[in-house]
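K.L.:
Please put together the full structure from these sequences, using the hints given.
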Amino acid sequence: MALPSILFVHSDPSRALVECDPKTLSDLGLKDVFAQIGATCPDRDIAPILRRMLSGKEALFARQAVFKALRDKYLVVALEGFAAQMRALREARTAGEKVTHPLQRQLNALALTRTYINALKDLGAAFGRTKAGAQLLDAFGAALNARLAGPEFTKLDAHTSQLSARLHKLRYALSVKNDVISVTALQKRGDLSARTRTLLKRFSKDIEDLPSKVVGFASGNLNHIEEAILERVAFLFVSEFSDLHAFFQDATGVPDQDVDRFDTELAFYLAVNRHFVDLEQSGLPVCLPQLSETEKPPNISAGYDLALAARLQDAGHNMVPNDVPQDLGAHIIVVTGPNQGGKTTFARMIGQTHFLAALGAPVPARKATLFVPDRIFTHFERREDAARQQGRLLEAVTRIHDILRASTDKSLIVMNEVFNSTSLADAVLLSGAVLKKIKAKQAICVWVTFLDELANSGPAVASMVAQLEPGEGDARSFRVVHQPADGRAHAMAIAAKYGLTYEAIKARLRK
Amino acid sequence: MNANLMFPNKPFDLEAPLPVWSEDLVADLELDTLISAMAGPDEQLAKIARAGLLHTLDGTEDERQAVVAHRQAVLADCLMNEPLVYLAREMAHRALQLEHSSTFRIFGESPSTHVYRDARVLPHFLDTLQDIQEMAAEHAKNFSSKGFVRLFHSLSSTATPEYLAELRAVLDELQFKDGMVFASGIGPGGRAKETTVLAPLAKERGWRSWMAAHVPDRLQYRLDPHDESGHRALGELIDLGLADLASVLGKTVAHLRQFMTELDTELGFFLAAVQLKHRLDAMGVPTCVPGIVSEQKERGFRFEGLYDVCLALRTNGQIVVNDVNAASRSLIVITGANQGGKSTLLRAIGQAHILARSGLYSPAVAHETPVPARIFTHFARAEDASLSRGKFEEELVRMAAIVDHVCPGALVLMNESLSATNEREGAQIAHDLLQALVEGGVQCVTVTHFFALAEAFGQTMPKTTLFLQPQLGPEGARTFKLAESAVEETSHAWDIFTRVFDKDPESQLSDGSHA
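Protein chains in written order, with this note's numbering: chain A, 1 to 511; chain B, 1001 to 1515.
Keep in mind the hints are simulated off the structure, nothing from the lab. Some clues are possibly wrong.
Claimed, not checked - Straight-line distance between alpha carbons at most 20 Å, and here's what the computed EDC-like set of lysine to aspartate or glutamate pairs gives: (1) B:K1193 <-> A:E227; (2) A:K177 <-> B:D1224; (3) A:K177 <-> B:E1173.
Fair warning: this is a prediction, and the values are worked out from it, not measured in the lab.
P.N.:
This is how it looks when you write it as structure tokens:
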């Protein structure tokens, strides 16, 4: 019986998947985050899974259920353990293909078989102990345990485990003198390594921490000296080595293809889960979003930018989370406020939560109710490119045109400082026209701009403003709140620019 | 084993990076003069002195106080027993040189090379340990500091003659004059696993020795003398068996090298301090052991007869002394005429606190202070006066870097800071900044020609600010001495307010400055 997929409810999901433009992921800051997540399972390619947005309640709920099940730490430990064993197995198998000496091949085959058997047994036991409560996982667990209970598997397990235990406990003495190597039975002799260690402990406590045995490695062929020794060891222990030979004659190949596929699918869940658990442990909120099929205005409490969170954490700073309040009532959000005040971060946060929701994954927020978009579009203008004005404007207009054509009333559009390279009057004019089209299209939109005019343009548009620190005139708080754009020019005083205000220094000294 | 002379419970890390603001500190306080007086031409000693002076003391105030008290006691012992301390440092220094010369890397870096080398290097270290231990045992009664007492105790309890003899015997066996025997098992792929070294065959007696000598041919392998790859492979196998031993021996050599290095470094620092004391004594200028007070009880510091020690070293004892009583004042504002000794006093305050924090003598008749955790300087830079906007930004960037690293218990010294802009703006920023620092537990001293700044503090923090001005002699001559001055032009309303409060007996009792 084939083992089912843990990613999709239906066996052929390709029609339901929309691949996200890599540029969009990069604009949203998710490219680096996903690279970071992917780096935790380097030999499993989960990038395609991270790019494909799901649609349909059933598919999304099934994934969310798996992430919910991963709240169980014991299950995670078991699954992580399985993934680690499979990785070790792959590495060992690659290394073992080049081995030539018959005794070495036999020993390697036995070790690989044992690793595989143990990995599957541990996994089966983990699924047997608890119902994960997630349809995708439970179906997989049931199929796996049925396979493990079969006579073929149980017989192989018993035989290999006995043989390997017998070989492992063998010890011999190896003497080297004047180019003569002798292999003999072990006799009682003083252990010089241990005695030296004990004596030297008096100087330094470090010495106790050492592993007292050095374990040899398995890759590559034995050299002729090692072969000569192994052959003599086989003379010394005849019965164990003839049983090993017999096992090798009967051995068949491992592992199965569907176990390998499961391992990749599992890597996706574990890597994403690990990332969010790390965030949670560092004090940031994480949740599975409520998915809405009707309400387009997002409702997010304590949402934050994943990419910035990672950077700030490395630097030991705190993240300022932001809310998108429920009473917003508008599917277009225009964000204004001082430069470097957290506007782009806020827009990224909204884009990220929507994309992750469409993966069936957790989102960086305490609570979120989100409309799952059919597609996500971004247009981010970079200030430093403003020199090539003419070319850039054409490029921007073309890009926005394409976005408007491709988007539907179910799409999310994230705009960041568009038309920066034009004059103020032109920017107002062009932006106004684009905004009108988005309104007509009924798409969800987040628009970061310095144009207050956009924020105050009718009931479909909600204005959110990045805040200054109350009191002192010019320190940024990185909070973004729902309020009318106030038209103040947000010129920053010098002291605030360098973090030298009374409040900034007091805050620094409180830490 | 650790020297633990600089700190009660951790080694002094000479290689740890200096605080990023150290360069400014050295330049602004002219510390190179101080360092060269401590170290003379010895570059290594200069590095030690520099690190000892510049490293911050982090941790709670109690911990900082404990470190300073620890060093003051060790320094007193060093001054009493200078020849012995000098000799101990020489021994450690020589052992390190010997190790260095005998570890010249000619064999490569395999475990068997390590074992070969370390089994021969360790006895040198053991000899030095024994020498220092014997010297310590003979003269222990002349030392009273906790640092030396504990060091001597740790030496005499670790490096006992019986232990050293046993260790020398084992090291002798590790030269493997009679071949090697390993115990091993069948590891991954049939390679040897869990290989350990057994005692040599030569120790066997009777039938075992006979058995060992008569191994059946099929269990033996005779290596062809021309089989180069075979010899290499056997070498690798031996390395695997010796890896554990190599690591244990390597750690021990590293540990003893570390211990000798600690002795060399830490004794070096105190000897450099003794050297400085001799220089100053010879010039006839005063020094004192700083009295450490708790900033929990009362912030601020107090000096009698403070002078600029670097100026004294450069001019062979020509000094101007100042008394500064900033007890219970967390801010000193120095204003007044140029060339009146303002910067010299500011530098003297900085140098004295650097020395006090390091556990050394202060250049004063008397000095009382809490232990400053970190010391910062922010001096206006003379260069590029033309680019005044750029210059102001440069000042702000430097100030922001200080704010990044400042902590409660720090000392910040500012000399005409933020003066590269107009008075209103500069004074405004400087006032808020200093007020925040002071309220956050930072001790500040600022030299400024901005009257607006002094005036602002006269209003906002009149009781916790000490205002100093150069004193004029008869006919307005410069004396280079500074004295407390009232800040004039305080607001009328504030005047009345403070006057009423000063008359209130309760508020006087609670105000330490009147005690």
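K.L.:
State for each hint whether it applies.
P.N.:
Right, here's what the structure says about each hint:
1. B:K1193 <-> A:E227: Holds, because 14 Å separates the two Cα atoms, which is no more than 20 Å.
2. A:K177 <-> B:D1224: Holds, at about 13 Å.
3. A:K177 <-> B:E1173: holds, 15 Å
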